[in-house]
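Protein chains: 2
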Amino acid sequence: MHHKRKAIQDLYPDELAHCYGCGKNNPDGHQLKTYLMGDETIAHFTPDEKFTAIPGSVYGGLVASLLDCHGTGSAAAFACLAENIDLENVAIIPIRCVTASLKVDFKVPTPMGKKLELKGKLRSIEGRKILVDMTLSAEGIVCATGEILAIKLKD
Amino acid sequence: MHHKRKAIQDLYPDELAHCYGCGKNNPDGHQLKTYLMGDETIAHFTPDEKFTAIPGSVYGGLVASLLDCHGTGSAAAFACLAENIDLENVAIIPIRCVTASLKVDFKVPTPMGKKLELKGKLRSIEGRKILVDMTLSAEGIVCATGEILAIKLKD
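Chains as they are written, first to last, in this note's numbering: chain B, -5 to 149; chain D, -5 to 149.
There's no promise every hint is true.
[Said to hold, decoys possible] Once the Cα atoms are required to be at most 20 Å apart in a straight line, the calculated DMTMM-like pairs of lysine to aspartate or glutamate come out as:
no.: 1; chain 1: D; residue 1: K146; chain 2: B; residue 2: D42
no.: 2; chain 1: D; residue 1: K44; chain 2: B; residue 2: D4
no.: 3; chain 1: D; residue 1: K18; chain 2: B; residue 2: E9
no.: 4; chain 1: D; residue 1: K44; chain 2: B; residue 2: D127
no.: 5; chain 1: D; residue 1: K97; chain 2: B; residue 2: E43
no.: 6; chain 1: D; residue 1: K0; chain 2: D; residue 2: E82
no.: 7; chain 1: B; residue 1: K44; chain 2: D; residue 2: D42
no.: 8; chain 1: B; residue 1: K44; chain 2: D; residue 2: E82
no.: 9; chain 1: D; residue 1: K123; chain 2: B; residue 2: D99
no.: 10; chain 1: B; residue 1: K18; chain 2: D; residue 2: E43
no.: 11; chain 1: B; residue 1: K44; chain 2: D; residue 2: D8
no.: 12; chain 1: D; residue 1: K18; chain 2: B; residue 2: D8
no.: 13; chain 1: D; residue 1: K44; chain 2: B; residue 2: E141
no.: 14; chain 1: D; residue 1: K97; chain 2: D; residue 2: E111
no.: 15; chain 1: D; residue 1: K44; chain 2: B; residue 2: D8
no.: 16; chain 1: B; residue 1: K123; chain 2: D; residue 2: D99
no.: 17; chain 1: B; residue 1: K148; chain 2: B; residue 2: E111
no.: 18; chain 1: B; residue 1: K44; chain 2: D; residue 2: D4
no.: 19; chain 1: B; residue 1: K97; chain 2: D; residue 2: D127
no.: 20; chain 1: B; residue 1: K18; chain 2: D; residue 2: D42
no.: 21; chain 1: B; residue 1: K101; chain 2: D; residue 2: E141
no.: 22; chain 1: D; residue 1: K97; chain 2: B; residue 2: D22
no.: 23; chain 1: D; residue 1: K0; chain 2: D; residue 2: D33
no.: 24; chain 1: B; residue 1: K113; chain 2: B; residue 2: D127
no.: 25; chain 1: B; residue 1: K146; chain 2: D; residue 2: D99
Calculated from the structure, these hints are not laboratory results.
Every value quoted in this text rests on a predicted model; they were computed, and no experiment measured them.
Assemble the whole structure, with the sequences as input and the hints as a guide.
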């Protein structure tokens, strides 16, 4: 799959790009990268074996972590869309979001060794509150769903 | 603080003790340890600097991960209490729980470099469904609350 656009997290300003989950300036971290594709967001991640739950499956904390970072990135992207900010023409994303609440429902064990796909869809924007619905899948099977309430930071 | 009891996670059978969040057999992992204290559970954890969100605070994925592992451990402990299983007299905990759903509310940024305290309280047990309410605090300030729906595994 080609991503012509830059990842949302690569548009975070350098001084705010240290997140273990998705910061480009955190060499130890997951460096999750969320892309806006039409009116959805997408990210891919293949967990290292050490992030095991019981042997053969990915531990819940990583699933939650990926959904959290994908969620805040998605929320920022959707807020930009809503304000007609074209992310192809910015070096730094002008909107940044933090998580107020994250809910993860674990449907089936997330298999180890597979490329995971995260998707995000905007549910609503009300003032500074942005709700995003997410799925985390492996080989087309939804392993977990996520719901994030993200808050748009003031400048 | 003295913990006379063994940690709940140290009572998991060896073949199920590889969780990155809390398995004693995962040398790369967090090895979170949950203790039953009366009718509450408690755990402590000091995050490594690399688990940063923005500089100075702990990233949300780790907060969620700690609450998840503390939650399933707490659920197993509370289920044992309810069935009059004395955890001081077992080598292996006879009840094991998995997460069906986890909700985390982020109240204030979790400060980096502090010892975090997690607490758990049983809300309800209905059949195989166990609900546990949690807090994650730093220096007495609740940074996040968690709510877990854990499911008791069948033998």
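Going down the list of hints, with the structure as the test:
For the hint pairing D:K146 with B:D42, the CA-to-CA distance comes to about 28 Å; that exceeds 20 Å, so the pair is violated. For the hint linking D:K44 to B:D4, the alpha-carbon distance of about 19 Å falls within 20 Å, and the restraint holds. Between D:K18 and B:E9 the alpha-carbon distance is near 35 Å, which puts this suggested pair outside the 20 Å criterion. Our distance criterion of 20 Å between C-alpha atoms is broken by D:K44 and B:D127, whose separation comes to about 28 Å.
The straight-line distance between the Cα atoms of D:K97 and B:E43 is roughly 25 Å, outside the 20 Å bound, and the hint therefore fails. A C-alpha spacing of about 7 Å is found between D:K0 and D:E82, which places the hinted pair at or below 20 Å, so the restraint holds. Distance restraint check for B:K44 and D:D42: the Cα-Cα separation of roughly 17 Å lies within the 20 Å cut-off, and the hinted pair is therefore satisfied. A hinted pair counts as satisfied when its Cα atoms are at most 20 Å apart, and B:K44 with D:E82 does not qualify at roughly 30 Å.
Between D:K123 and B:D99, the direct Cα distance comes to roughly 14 Å. Compliance with the 20 Å bound is thereby established for this hinted pair. At most 20 Å may separate the alpha-carbon atoms for a hinted pair to count; B:K18 and D:E43 meet this at roughly 16 Å. Restraint check: the Cα-Cα separation between B:K44 and D:D8 comes to about 16 Å, which is no more than 20 Å; the hinted pair holds. The hinted pair formed by D:K18 and B:D8 fails the criterion: a straight-line CA distance of about 36 Å is larger than 20 Å.
The suggested pairing of D:K44 with B:E141 is violated, with an alpha-carbon distance near 26 Å, which exceeds 20 Å. Restraint check for D:K97 and D:E111: satisfied, since their Cα atoms lie roughly 18 Å apart, inside the 20 Å limit. About 16 Å separates the Cα atoms of D:K44 and B:D8, which keeps this hinted pair within 20 Å; it holds. The straight-line distance between the Cα atoms of B:K123 and D:D99 is roughly 14 Å, inside the 20 Å bound, and the hint therefore holds.
Simply put, B:K148 and B:E111 have alpha-carbon atoms about 31 Å apart, too far for the 20 Å limit, and the pair is violated. About 19 Å separates the Cα atoms of B:K44 and D:D4, which keeps this hinted pair within 20 Å; it holds. The suggested pairing of B:K97 with D:D127 holds, with an alpha-carbon distance near 14 Å, which does not exceed 20 Å. With a C-alpha separation of about 18 Å, the suggested pairing of B:K18 with D:D42 holds against the 20 Å cut-off.
The hinted pair formed by B:K101 and D:E141 meets the criterion: a straight-line CA distance of about 17 Å does not exceed 20 Å. With a C-alpha separation of about 26 Å, the suggested pair D:K97 and B:D22 falls outside the 20 Å cut-off, and the hint is violated. For the hint linking D:K0 to D:D33, the alpha-carbon distance of about 16 Å falls within 20 Å, and the restraint holds. Taking the CA atoms of B:K113 and B:D127, the gap is about 8 Å. The hint holds against a cut of 20 Å.
A C-alpha spacing of about 16 Å is found between B:K146 and D:D99, which places the hinted pair at or below 20 Å, so the restraint holds.
When held up to the earlier numbered hints, the structure conflicts with 1, 3, 4, 5, 8, 12, 13, 17, 22 and fits the remainder.
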